[in-house]
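Read off the chains here:
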Amino acid sequence: MEKTWNNKAWFLVLPVLLLVGFSAVIPLMTVVNYSVQDTFGNNVFFWSGLTWFEQVLHSRRFHEALLRNLAFSFTILAIQIPLGIFIALNMPRKGIGVPICLVLMALPLLIPWNVVGTIWQVFGRVDIGLLGRTLAAMGINYNYATDPVAAWVTVIVMDVWHWTSLVVLLCYAGLVSIPDAYYQAAKIDGASRWSVFRYIQLPKMHRVLLIAVLLRFMDSFMIYTEPFVVTGGGPGSTTTFLSIDLVKMAIGQFDLGPAAAMSIIYFLIILLLSWVFYTVMTNYDSGR
Amino acid sequence: MAKIDLSHIKHSYLPYPSRDEDFALKEVDHSWEDGGAYALLGPSGCGKTTLLNIISGLLNPSHGSILFDGHDVTHLSTQERNIAQVFQFPVIYDTMTVYDNLAFPLRNRGVPEADVDRSVRTILEMIDLSDWAKRKARRLTADQKQKISLGRGLVRSDVNAILFDEPLTVIDPHMKWLLRSQLKQLHRQFGYTMVYVTHDQTEALTFADTVVVMYEGEIVQIGKPDELFERPSHTFVGYFIGSPGMNVMPIELDGANARIGSATVALPGGANVGAGKTIELGVRPEYVRIGREGLPVAIRKVEDIGRHKIVRAELEGVELAAIVGENEDIPADPRIRFEPKGINLYADSWRVELGA
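Chains X and Y are the protein sequences, given in the same order. Each residue of the first sequence is one higher than the one before, counting from 1 in the numbering used here. Each residue of the second sequence is one higher than the one before, counting from 1 in the numbering used here.
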C-alpha cells in the first residue's frame, strides 16, 4: 500500500511537544543554564563552563552524602526485601485474615511522608516520646538528636516501618497466583519446605521482586522528607542524604550554580543506577 | 506396589456436613488390587479428583480409612504413603533443567546419583525429551511440560501406586494415543498399580482393565469395559458410556411384559420390583432393530456418520436412537424391536436382574 506523506501532520504532535516543553524541558534547561553560569548578583550572569561540575564532583561533602545515601539504600533493601518476603509467606491465603492483613499492610503506605516523619520524631523523643522514654527507662542511651547511631537507626527503622508493606503486598500478589497443584506436586515429589520456597515460590515471585527492588531503590535514593523532619540531616551532617544536601545548598546557601550542577549529577546517577538494575534484571530474566 | 483398600470413605468440603448433598464423596468402599490398571470415569464434579486426592493423602477424608496392604495410612502424609501423582495441568519447576525436574523426586528422597541418572535417562527416552535434558524447563510447550510432569510421576520405581488426574487433557490427539499406549506398556512391564481419572470414555476403556464409573459422589459401577456396555448397572452408566448413549424409556411392568404407552414389549424374563418405584427400560441403540416387524415408530431424523447411521425415532412419544448399518434400508412403514440380550430393566435408576 502507498503511504500517505503529509508534513502538515507534524502539527498534530505540536500540543504534546508544547506540553512536554513547558513541563519538562524548560525547567530542566533552567537548571542546565544555572549549572554553567556564575553571578555576583544584580542578575548579571557570566559563563563559567564546567567549573561547578568539577567542584561538586571533587567536593568531599558530595562524596560523603553520596556514600551515606548508598549505604542507606542498600541497608533498607537488605532489610525490607527479606522481611517483606518473610511476612508475605506467612500471611493467610484465605478466610477473614486476608482482608485484615491487607488493610493493616496498606495503612503505612497511605500516610503522607511528613506525617510519618512527625510520628517518629515525636515517638522517639527522649523527653516526651513513648519510644524515647521507654528506652531511657531501660537504661539505653538513645537520643537521635545527638547520637549519629541512634539517628541512623531511627531513620532506617522508620523507613522499614513505612515501606516494607509495599514489598509484602507485591510478594503476596506473586504468591497467591501460584496454583494449588504446584504445592500438591511438591508434596508428591517429597520436596522440603526450603525446596518449595527455592523452586516454586521464589521463581514465581521473582518478577514482582524486581519491581519491588527497583521501586524501593529509587525511592530511598531520593529520600528527603522523613529524615528531614526527624533529624534535619543531623546530628552534624550524619543523616544528610543527597536530596537534603541539595536543598541546603540551593535554598539554605543559595549557591545556585553548584546546586544546579549537583542536581544534574544526581539525576544522572539515578538514571544510571536504575538502568543498570533494569538491564541486569531483564538479562537475568531472559538468560534463563 | 500395594493393594489399596478404601474403607467407608466419605468426604465433604464443608466443615459441618449434615445432608447427603453436602458430601462431595458419598460412601465409597472399594479395593484396588495390587498391580491393577483402573480408570475412574465420570463427568466433571462427580468426585473423581476428590477420591484421587484422598488416596494420595493430599486430602484427609471426613470419614473412613485407607489401607495400603492392610496397614492403615489414613493419617500418614503424602510423602510417607509413597505415591506418585500426575495432575491435569503441567507442573514444572521453572528454574530447573528438564533433567533436574525429573531427578527432583529421587534426589529429595536421597537416592544415589548413579541410580538417579539411570532412572532419569530411561524416562527421558520414554517421553522423547532426551535432546532437551540440559534445557531450562520453562521455555517448553504445554505438552512437553506435561510430559515432564508425567515423567516425574513415573521416575520412582518403588511407589505404592501411580495416580493420574486427567493427565492428557493438554496433549494433542496423536501424542495422547502414543503416551497412553506407553503407559499401558509400562503397566504390563512393571505391574504398577495405576489409577487413571478421566471423563473421556475412550480413554478409560482403552487404558484400564477395570473401569470405575462415578456419578454424583458415588461409585455406580465397577466392571470390565464389556460389562459396562452390556449391563450398565445404573441408567447413568448407560447414558455416559456409548455413543449415542443408552435409550431409557419409562414403562409400566406387567409380569414379563413392559408397557410403553399403548405398546407392549415382551421381556426375556420377569422381575420382582417393589411398589412405588420408577421403572425404566434400557436398550442400547446397538440392540434396537429397525425393520418390518415389531412396534410402529415415527422416524424423526437419520444421521449418517460414515460407518453407520444413527436413526432418531419416536415410539409412543419417547425418543429413541437406533444404529443401522450403512447399507441397510429403512422401510416406509418402519417398525422396531429390541434384541432380548440387550434389554435391561431399571428400578429407580438401578438395574434389576431379569429372571428367566
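Treat the hints as calculated values from the structure; they're not laboratory data. Treat the hints with caution; some may be incorrect.
Stated by the list, open to error - Reference excerpt, derived from the structure (chain X facing chain Y, CB under 7 Å, subset only):
#1 Leu67
#2 Ala71
#3 Gly95
#4 Pro99
#5 Ala181
#6 Tyr183
#7 Gln184
#8 Asp189
#9 Gly190
#10 Tyr199
Cβ atoms here follow ideal geometry from the backbone N, Cα and C, with glycine treated the same way.
Here is how each hint holds up against the structure:
1. Leu67: violated (35 Å)
2. Ala71: Because about 32 Å separates Ala71(X) from the closest Cβ in chain Y, which is outside the 7 Å limit, the hint is violated.
3. Gly95: violated (12 Å)
4. Pro99: Result: violated, 20 Å to nearest chain Y Cβ.
5. Ala181: Since chain Y brings a Cβ to about 5 Å from Ala181(X), closer than 7 Å, the hint holds.
6. Tyr183: violated (9 Å)
7. Gln184: holds (5 Å)
8. Asp189: holds (4 Å)
9. Gly190: Since the shortest Cβ distance to chain Y is 4 Å, the answer is holds.
10. Tyr199: With a closest approach of 4 Å, the Tyr199(X) hint holds.
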